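K.L.:
Residue-level listing of the chains:
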Amino acid sequence: MKVGIVRFPGSNCEDDAFHAVVYQLGEEAVMLWHKDHDLQGSDVIILPGGFSYGDYLRAGAIARFSPIMSEVAAHAKNGGIVLGICNGFQIACEAGLLPGALLHNDVGYRSMPVTIRVEHANTAFTSAAKVGQCLTMPIAHGEGRFAASEDLLDELESNAQVLFRYVDASGETTVDANPNGAMRSIAGICNAARNVIGLMPHPERAVDPILGSDDGLVLFESLLVAAHA
Amino acid sequence: MTRFRVSVHIIPRRGLLDPQGKAVTDALHTLGFAGVGEVHVGRHLVIETGAKDASAAEASVRTMCERLLANPVTEDFEIAGVVKE
Amino acid sequence: MTRFRVSVHIIPRRGLLDPQGKAVTDALHTLGFAGVGEVHVGRHLVIETGAKDASAAEASVRTMCERLLANPVTEDFEIAGVVKE
Amino acid sequence: MTPTPRPGDPTITPALVAEHGLTRDEYDRLVNMLGRTPTFTELGIVSALWSEHCSYKHSRPLLKKLPTNAPYVLQGPGENAGVISIGDGLAVAFKIESHNHPSAVEPYQGAATGVGGILRDVFTMGARPIAMLNSLRFGSLDSARVRYLVAGVVRGIGDYGNCMGVPTVAGDVMFDAAYEGNPLVNAMCVGILREDELIRAKAQGIGNKIMAVGARTGRDGIHGASFASEDLSHNSDAKRPRVQVGDPFTEKLLLEATLELIASGHVVAVQDMGAAGLTSSSAEMAERGDVGVTIDTLKVPVRESGMTPYEILLSESQERMLVVAIKGREEKVRAILAKWDLTAEVIGEVIAEPVYRVTEGKKVVAEFPGTRLVTDCPQYHPEAKESEAIIALRNRDVNAIPALPQERNSAWTLCRLMESPTIASKRWLYRQYDSTVRTNTVIGPGGGDAAVLRIRGTTKGLALKTDCNGRYVYLDPRVGGRIAVAEAARNVACVGARPMAITNCLNFGNPTRPDIFFQFREALAGMSEACVALGTPVTGGNVSLYNESPAGAVYPTPTIGMVGLLDDVSRATPMSFRAPDDAIILLGEPTDELGASEYLAWIHGVVAGAPPACDLTKERALVETLHESINAGLLHSAHDCSEGGFAVAIAECCVANPLALRGAMVDLSPWKALASRALLFGEAQGRAIVSTSDAEAVLAIAKKHGIPARNIGTVKPHNEGLVIIVSGHSMRSPLLDLSSAYHDAIPRAMQRAPAEQVSAELATGATV
Ligand SMILES: Nc1ncnc2c1ncn2[C@@H]1O[C@H](COP(=O)(O)OP(=O)(O)O)[C@@H](O)[C@H]1O
Ligand SMILES: [Mg+2]
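Those protein sequence lines, which keep their order, are chains A, B, C and D.
In terms of this note's numbering, the first sequence is residues 12 to 240.
In terms of this note's numbering, the second sequence is residues 7 to 91.
In terms of this note's numbering, the third sequence is residues 7 to 91.
In terms of this note's numbering, the fourth sequence is residues 255 to 1022.
One or more hints might be untrue.
Unchecked claim - Calculated cross-link-like contacts (lysine-lysine; reagent style DSS-like; alpha-carbon spacing at most 25 Å):
| # | chain 1 | residue 1 | chain 2 | residue 2 |
| --- | --- | --- | --- | --- |
| 1 | D | Lys586 | A | Lys46 |
| 2 | D | Lys586 | D | Lys553 |
| 3 | A | Lys46 | D | Lys593 |
| 4 | D | Lys319 | D | Lys456 |
| 5 | D | Lys311 | D | Lys456 |
| 6 | B | Lys58 | C | Lys90 |
If you're looking for bench data, these hints aren't it; they were derived computationally from the structure.
What you are looking at is a predicted structure, and each value in this text was computed from that prediction instead of being measured.
Build the full structure now, drawing on both the sequences and the hints.
P.N.:
So, in structure tokens, the structure goes:
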């Protein structure tokens, strides 16, 4: 599997994604420059976390116009896997690759571990996980409150596009377990075709027990399965 | 080409939770401004641009809003003024 | 007491760096809006408040700006409109 | 060439000279150096370079006495940052800096630009920043203004570091009325580099080009350096336009571009444009290289039209740097910057002629002979005399202070202390800091006595912590200076590291006051003694004087930033108890000392008594005991006793990790000769509480190093609470009480004033 990680000006989690793929998963990864038009034959594209263009105006609003995004969109359209983490999720929403929007947290910036529950396993990023499985990993964001119209939310639910929800230690969604006020506790979603996935928590920061959790590994392992399918 | 200064309001769509507006309301109440009701917080942009006339300037800023400045999922925009420099 | 809707612009003070405005200018240039000069990004607040008349409403919002809404060190404000509800 | 005044320049009058902060003597010195009257531009340059902030005119003679050597020190004081070797061809660059005055005026931007400045100091050495720390001092949280400052400072630190993608991993925060009008905001940055990529800020190579890199120059922050060298008075409000606005996005681009530039070999020197901007960076680079330079202000990219040379030279616009490019490589430098959407312009040259010359096009506007602008700066040796009032405070018999009636129940006292904001959990702050980005944070904020970062490609880890108890330094500067270093060393030892070196930020009042200069001299002496004893040289730092408000000077606060090295990062040890049934061992010995304690300050409102004694031989033995026990894999947790003494320390071991509360049962009967409040809440130094499943082995190691150690009890499940047997009584504290006191105190205090917070939040357009 070859993973292409896009470097936008202001990205800052691209090395973390690289390490997760190359050292923890043992797969190949390349850095893609946002001004280029070449995905270098990548099977999976990761839009990493960070503050592309400083998150000025709105998180992800400016990055979506980077030259490489037209290639990423074409890749997605052809069924290629695209994974947006944190700022990458925001970029994917702004680019229209994913529905909805990410607004300012109701409580300000939050950096802390959260637990998310896997809602569906039938995507390239969750296939190795079990439905209902709870994973612990860090969040670190100020604009992660997922929002959409009630109609769109219903549609996402009925299409099984809500992939992750914030939950408490016992696996239940509660107001206290929701770190940013996200509607319906949504932490991550996929598109209707299920090949574009976005989430606010950082699975690439939870791939090594010495850092407190390796719960994110199962998600990256899912990518392997999908890429070799 | 004439230079214009176009100002735009970008406003969070009604119905979406506006934590910032709420925080401001609460703060104003704490400070004793009891009569304050709802507060809405949006963005105010002032864009200097060249155009052949005021309506061309406005049209061009409208396009900027649609493409970049406002998020169509969560925000509305209005052109608040067009002034010749 | 009448209800008023007062709108306020809060703008980064001239001369101070406006990183947000600069990023938006650059992005608009990239998008092909070549005629764009400077862009400034501030906040637009709409405050509902009760007052005996329009000028009292305006005066009260002015105090709110001075005390809370605008940062006196880095921002200026202007009352953009007072409308009876 | 003799510079000519520019049309419109004000004439040089005694009043203008005074306005520029130069004394009569300093002005005479300048006229002597030039052999003529200075131009307005020259007066501006000298005013900045001879300000306390840039020239260290009151502190340099004493700073020279600090120990700075160790075989592994690659770069000591005098550069943008200090650098030590950590083996495997790797080195660590680190430095701490203050942004106290700007933060007092505009907390958000002041703190943010402080973070930006210290980051640049580290990456201009060729190092990639891997961690940030912050050391903060505020007045009481009862004050709305203080809460406003806390909210703004913390958000400023967070927003800047978070955007840069550098984790903020540790720090320390204290609250005391002494800091009410003048908060302290010290930020530390740590970076990693390959030893062979180390670059210095030394102009060299005649004909090489001086290039301005990064953001454009605006009118912001003109005279910030001299501003930082004045007392904060009500008058400071009038100086508000000097506030600078940070742009972390541009800084992130500058970081990437700079590292690429250094790796490319096209530049021979890199220097941050910090305080006093272009003037100070160019003059200091020239002085280090002992070369001449010439700068043309017309070539400097500006943000506003009509800027004068005076303004361009003194502007403190952020996110800018100066590089010396090898002649002929200018285009290559430009190309690298352009990749990151940044500009680089040639603004000057390294010249053979020994002058510092500034031109505006062809016209010379300032010229100084050789490097005398820097080297001829005045130095002062002020008078030092201890304040009688402080001597009286120190000599007060604090043991005679009667206990409050509620204190008959020591569990009450403990619970109150746990909610003192100085002791309470700082999670409200650090949950606003990304602490996990870069995926190296093995122990983050709140997890251990120091932060631990792994070093990829090795088995090693770095331990980092800032510390300083200004109250100790106030009551006895010599002892307080020692303790600041000793506590920082203890903290990195508690996570398993060997203390290696320190950086320091000396926050003091007005040095021309004899009582303040006494504090400065003595605190430095104490620091030096501790650095020698503990083998931790000083590699750099920062001096911030004139930290005074109308209410008086802050506590003298020499903040220590300690770097330690773990050979095996997998041994990194947390502060919280883990396994029930583990033995609890107290390393070190309680005493009857109660002076200068948090107990007296928080429970009795008394700041008095002598601070606890600090025996540096014992401190070293403790560090070695901790290091050896942890490396032998013997310890499950380690936590030192600091503010709040033994009782607070053990309560923290029980409740610091809210997801895994642990009880404990300990018996202090062996020390029944001591008064129980000194035993419980006194702050005797040289102690740590450790837990282990092999008490014998730990006691043996302690014995070998000659420190007292005793098995005092066991870790228990959470439902058994904390039980301390003291003077024949069982003192019982339910964990939920301790935990909520400890974890909720600061959030509760900060909630009290939504109004002030919101205004801070709105101030920069960032949203809630
Ligand atoms: N401003 C801060 N930023 C990040 N972490 C902090 C800050 N202040 C305190 N911490 C963290 O909280 C924990 C307790 O700090 P402190 O009370 O200073 O410890 P000690 O008293 O043992 O020296 C440490 O892990 C420290 O790094
Ligand atoms: Mg503490």
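K.L.:
Looking at the structure, which of the earlier hints fail to hold?
P.N.:
The structure conflicts with hint 6 only, although it agrees with all the remaining ones.
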